[in-house]
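Undergrad: Protein chains in written order, with full-length UniProt numbering: chain G, 1 to 140; chain W, 1 to 140; chain E, 1 to 140; chain U, 1 to 140.
Since the hints were made in silico from the structure, they are not lab data.
Hints may contain errors.
The list cannot tell twin chains apart, which means a pair is met if one copy fits it or any two copies do.
[Claimed, not checked] Here are the computed lysine to aspartate or glutamate pairs in the DMTMM-like style, where the Cα-Cα straight-line distance is at most 25 Å:
no., residue 1, residue 2
1, Lys31, Glu124
2, Lys104, Asp94
3, Lys104, Glu20
4, Lys31, Asp74
The structure displayed is predicted, hence computed values, not measured ones.
Protein chains: 4
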Amino acid sequence: MSPETEQKIQRSFAAQAMMETLGAQITHISKGTVQIEAPILPGSLQQHGFAHAGLTFAIGDSAAGYAALSIMPDDHEVLTSEMKIHLLAPAKGDLLVAKGRVIKPGRRLVIVQADVYARTGAQEVHIALLTGTMIPVPIA
Amino acid sequence: MSPETEQKIQRSFAAQAMMETLGAQITHISKGTVQIEAPILPGSLQQHGFAHAGLTFAIGDSAAGYAALSIMPDDHEVLTSEMKIHLLAPAKGDLLVAKGRVIKPGRRLVIVQADVYARTGAQEVHIALLTGTMIPVPIA
Amino acid sequence: MSPETEQKIQRSFAAQAMMETLGAQITHISKGTVQIEAPILPGSLQQHGFAHAGLTFAIGDSAAGYAALSIMPDDHEVLTSEMKIHLLAPAKGDLLVAKGRVIKPGRRLVIVQADVYARTGAQEVHIALLTGTMIPVPIA
Amino acid sequence: MSPETEQKIQRSFAAQAMMETLGAQITHISKGTVQIEAPILPGSLQQHGFAHAGLTFAIGDSAAGYAALSIMPDDHEVLTSEMKIHLLAPAKGDLLVAKGRVIKPGRRLVIVQADVYARTGAQEVHIALLTGTMIPVPIA
Chain G
1 MSPETEQKIQ
11 RSFAAQAMME
21 TLGAQITHIS
31 KGTVQIEAPI
41 LPGSLQQHGF
51 AHAGLTFAIG
61 DSAAGYAALS
71 IMPDDHEVLT
81 SEMKIHLLAP
91 AKGDLLVAKG
101 RVIKPGRRLV
111 IVQADVYART
121 GAQEVHIALL
131 TGTMIPVPIA
Chain W
1 MSPETEQKIQ
11 RSFAAQAMME
21 TLGAQITHIS
31 KGTVQIEAPI
41 LPGSLQQHGF
51 AHAGLTFAIG
61 DSAAGYAALS
71 IMPDDHEVLT
81 SEMKIHLLAP
91 AKGDLLVAKG
101 RVIKPGRRLV
111 IVQADVYART
121 GAQEVHIALL
131 TGTMIPVPIA
Chain E
1 MSPETEQKIQ
11 RSFAAQAMME
21 TLGAQITHIS
31 KGTVQIEAPI
41 LPGSLQQHGF
51 AHAGLTFAIG
61 DSAAGYAALS
71 IMPDDHEVLT
81 SEMKIHLLAP
91 AKGDLLVAKG
101 RVIKPGRRLV
111 IVQADVYART
121 GAQEVHIALL
131 TGTMIPVPIA
Chain U
1 MSPETEQKIQ
11 RSFAAQAMME
21 TLGAQITHIS
31 KGTVQIEAPI
41 LPGSLQQHGF
51 AHAGLTFAIG
61 DSAAGYAALS
71 IMPDDHEVLT
81 SEMKIHLLAP
91 AKGDLLVAKG
101 RVIKPGRRLV
111 IVQADVYART
121 GAQEVHIALL
131 TGTMIPVPIA
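So here's chain G without its partners, still in its complex pose (with noise of 0.2 Å):
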């Protein structure tokens, strides 16, 4: 991946006002695959004191469209179309991260998924998997 994708990325990143309200970071960039970590932050929580849905899915599809972008020609960006979540447990712990990888590359389309874990101190435990569709479209 060329330096100018990575910064492509990172000023992406740094545009979304939501990525700082959540307080989330890009924490990992290479060809395919994007990485992203957020705190539990007390205004990111649901009902039961664990973080919110949004968060999850935020940091999620979040992840999962860089991952996509970073296969891309640099003229070009990713928007999500749609993406499926899977809640698998309840969103506990130190902090969030989200994995995101490009399951099928495109022309038209990217095939991506992300996998979000809650990890508190050294133990990860898998609480959500997305699956989606990235379009491709050219920088205005």
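Since the structure of chain G is already known, use the hints to place chains W, E and U on it.
TA: Showing chains W, E and U alone in chain G's frame:
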């Protein structure tokens, strides 16, 4: 729908810190349908200045979940098992409106759907369709 | 819808050997909606004597796909990119009826939905809901 | 996995007339994974002469379902509640191979995945990814 059920929904919603972070409010409850509205706050934007998919998902999933809760016995709540979201158009407008409804009630699973609209003045644009599965669980 | 479009749909359907294996027929075509019916043949059953999910999926996916095709230019066809099916009730009855429709047309993607019913006499039971993505492709 | 569980799976599969119509066979069973193969019969084709998505779905869904069944108590079976399929490449080759596995076991729900490959000689092309939800039900 009994006043107890409506109170249960309002209490559960009020306990979701994420809904406050996003500025979301319940604007309609009836048996089998729930409506949630949210402004597009500066902290809820994605990189193009539209509402983030995380916001659209969060209120769509909640509207669908509370629609399921509105038909549950009062000693049960619901959890999202899985949810698919189709993003149909950019989420730009004055505010977002999520309308959840029950497709198929069941003792073990409730199948739900939600439509999310971006409202500008009197006009609503359909920006997302969600379809998913809620699991009834006895309140501990 | 032009007669050419209707002929294109009928020709495409007639070329699907699987539809003949399943005994399926198109029973209605209009702009944006297509209906397909299939008997529950002895060779289409699952282990409890109901129609197999493969039959329900096949006619639901086809009805949704042809609904998308009904709004395409005549030099394009469509392919299913992804499809989610919720199975709502046992597929038992005289025959299955799949009703496909377009949720969101687009040049790059068409979002579609289909409902499948099991019909017994005059009664229809809703047995499946499908939601998915069709890709328009130029006919070679 | 006990011999009883393997027999339960084989009996259930043998009772599915649709599997015989499609020429499908179980080629591997172990705890948490099941493999099903099917030839691309003349009666299983779509309009371009490739295998129909109905075939790909039917064997992918069955492989995922039997993977779930392989971890169930012997007095339970499973039903598909919902299943999403991504079609990744044209289904052309000598035969199709579906490999199902359990992502997350549970007493109330089992989350499953299946990959379907088109095999030509020694080469396998990944043609579909399925992700879905199975419900355990007591055998009547």
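Undergrad: Each hint needs a verdict: does it hold in this structure or not?
TA: Structure-based check of each hint:
With identical chains, the CA atoms of lysine 31 and glutamate 124 are at most 25 Å apart both within one copy (23 Å) and between copies (24 Å). Within a single copy, lysine 104 and aspartate 94 get their C-alpha atoms only as close as 32 Å, which misses the 25 Å cut-off; across copies the closest is 22 Å, which meets it. Neither within a single protomer nor between protomers do lysine 104 and glutamate 20 lie at most 25 Å apart by alpha-carbon distance, with minima of 30 Å and 31 Å respectively. For a Cα distance limit of 25 Å, the shortest separation of lysine 31 from aspartate 74 inside one copy, 13 Å, qualifies, whereas the shortest one across copies, 39 Å, does not.
When each numbered hint is compared with the structure, a violation occurs for hint 3 only.
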